[in-house]
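Engineer: Here the protein sequences line up with chains A and B, keeping their order.
Numbering-wise, full-length UniProt numbering puts 115 at position 115 of the first sequence, and it's gapless, one number per residue.
Numbering-wise, full-length UniProt numbering puts 16 at position 16 of the second sequence, and it's gapless, one number per residue.
Calculated from the structure, these hints are not laboratory results.
Careful: at least some of the hints might be erroneous.
For chains that are exact copies, the list does not tell them apart, and a pair is met inside one copy or across any two.
Said to hold, decoys possible - The calculated lysine to aspartate or glutamate pairs, modelled on EDC-like cross-linking and capped at a C-alpha distance of 20 angstroms, are:
#	residue 1	residue 2
1	K94	E28
2	K160	E121
3	K94	D69
4	K94	D72
5	K94	E121
6	K94	E56
7	K43	E148
8	K102	E56
9	K102	D69
10	K102	D146
11	K43	E113
12	K102	E87
13	K102	E12
14	K160	E113
15	K43	D146
16	K160	D130
Being a predicted model, the structure only gives us computed values, none of them experimental.
Number of protein chains: 2
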Amino acid sequence: MTDEQATGPPAEESAEIGELQARVAELEDQWRRALADFDNLRKRVARESATQRDAERARVAGLWLPVVDNLDLALEHAADDPSAIVEGVRAVRKQALDVLAKLGFPQRSDVGEPFDPTLHEAVAVVSVPDTAAGTIVQVVRPGYGDGEHLLRPTAVVVAKGD
Amino acid sequence: MTDEQATGPPAEESAEIGELQARVAELEDQWRRALADFDNLRKRVARESATQRDAERARVAGLWLPVVDNLDLALEHAADDPSAIVEGVRAVRKQALDVLAKLGFPQRSDVGEPFDPTLHEAVAVVSVPDTAAGTIVQVVRPGYGDGEHLLRPTAVVVAKGD
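Just need the whole structure built from these sequences, with the hints factored in.
Structural biologist: Have a look at this one:
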């Protein structure tokens with residue numbers, strides 16, 4: 001019994017030390033791998049962020065090429081038939097508005113709407129009979145986009161109170 | 001001596017167990033924090049990636065607004081003076097090419113250059129006296145960008161060998 005008491009605990013403790021040392025080695029390995037994963041993700045993100053921005057720039061620029069092509073065509077045809085250019089340019093303008101709408105920035109139509117400082121920029125206030133104060137009576141420069149994604153506010157003339 | 005041999009090691013081993021347990025707790029904590037950092041970075045990246053793409057889309061779209069504004073102006077003035085529109089539209093076209101160049105996609109000028117399949121798209125091959133085979137003799141549709149960032153290849157007519 002005395003022998004067992006003397007040697008028993010050390011044997012158990014040695015085993016426990018062995019287990020703990022193994023656990024330490026395992027955790028050190030897991031920790032190091034987690035740090036490496038983090039670092040790799042950080043590097044990948046820096047690389048991909050620039051790539052994605054470039055890709056989006058090229059995508060959006062590419063959508064405008066048909067507009068530029070049609071401007072070229074309108075100008076070429078103008079040499080033969082100057083009166084045809086107005087129709088051609090109207091079509092190009094329509095196409096440009098379609099591109100903006102496709103990108104999430106449709107042209108706003110604000111006439112008759114109440115003035116909203118988050119969407120509109122008042123350039124003048126005028127007296128208009130039978131019109132509620134703050135009603136938009138004229139668009140001076142069109143705005144594009146909506147409340148969530150406003151590309152440019154509409155420059156407007158607003159009715160003064162009667 | 002027998003006593004020392006029996007009790008000495010256990011005391012030392014107990015101390016070692018205590019140290020190892022503390023090391024295990026510390027490593028578990030560091031590992032957990034590294035995992036949490038990784039997860040947070042992953043989530044932040046997903047969020048910011050969409051935000052950055054949106055921002056780049058809006059930035060590029062915004063560069064085209066003056067072009068659209070000037071198309072509008074050219075059309076407005078056309079009503080008063082139809083002949084003025086050609087000059088106006090030429091200016092708008094120049095402005096559009098400036099926007100493309102600013103985005104990193106200048107219009108290419110390829111006439112006289114040797115055909116390069118990474119930059120050009122041959123739409124026809126013609127016999128041209130005194131011109132080396134493979135020389136670009138005409139641009140059918142302009143290309144934009146350079147070798148590194150080509151937005152669109154130039155559609156060209158190429159000289160056949162004599």
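Engineer: Against each hint, give a clear statement of whether it holds in the structure.
Structural biologist: A quick look at each hint next to the structure:
1. When the C-alpha separation of K94 and E28 is checked against a cutoff of 20 angstroms, the pair qualifies neither within a copy, at 64 angstroms, nor between copies, at 63 angstroms.
2. For a Cα distance limit of 20 angstroms, the shortest separation of K160 from E121 inside one copy, 15 angstroms, qualifies, whereas the shortest one across copies, 60 angstroms, does not.
3. Proximity of K94 to D69 under the C-alpha cut-off of 20 angstroms is found in both arrangements, the shortest distances being 14 angstroms within a copy and 12 angstroms between copies.
4. Taking the closest pair of Cα atoms, K94 and D72 come within 20 angstroms of each other both inside a single copy (16 angstroms) and across two copies (10 angstroms).
5. Proximity of K94 to E121 under the C-alpha cut-off of 20 angstroms is found in neither arrangement, the shortest distances being 24 angstroms within a copy and 29 angstroms between copies.
6. Taking the shortest alpha-carbon separations for K94 and E56, neither the intra-copy value of 23 angstroms nor the inter-copy value of 23 angstroms comes in at or below 20 angstroms.
7. Taking CA atoms no more than 20 angstroms apart as the test, K43 paired with E148 passes in neither setting, with 32 angstroms inside one copy and 22 angstroms between copies.
8. In this assembly of identical chains, the alpha carbons of K102 and E56 lie at most 20 angstroms apart whether taken from the same copy (14 angstroms) or from different copies (15 angstroms).
9. Taking identical chains as interchangeable, the C-alpha atoms of K102 and D69 lie at most 20 angstroms apart whether they share a chain (18 angstroms) or sit on different chains (18 angstroms).
10. Taking the shortest Cα distances, K102 and D146 sit within 20 angstroms of each other inside one copy (13 angstroms), while across copies they are farther apart (27 angstroms).
11. In this assembly of identical chains, K43 and E113 lie within 20 angstroms of each other by CA distance neither inside one copy nor across copies; the values are 49 angstroms within and 40 angstroms between.
12. Taking identical chains as interchangeable, the C-alpha atoms of K102 and E87 are never at most 20 angstroms apart, the minima being 23 angstroms within one chain and 29 angstroms between chains.
13. In the homo-oligomer, the alpha carbons of K102 and E12 never lie at most 20 angstroms apart, since the shortest distance is 73 angstroms inside one protomer and 75 angstroms across protomers.
14. Taking CA atoms no more than 20 angstroms apart as the test, K160 paired with E113 passes inside one copy only; the shortest distance there is 14 angstroms, against 63 angstroms between copies.
15. With identical chains, the CA atoms of K43 and D146 are never at most 20 angstroms apart, being 36 angstroms at best within one copy and 27 angstroms at best between copies.
16. For a Cα distance limit of 20 angstroms, the shortest separation of K160 from D130 inside one copy, 11 angstroms, qualifies, whereas the shortest one across copies, 74 angstroms, does not.
Of the hints listed earlier, those the structure fails to meet are numbers 1, 5, 6, 7, 11, 12, 13, 15, in rising order.
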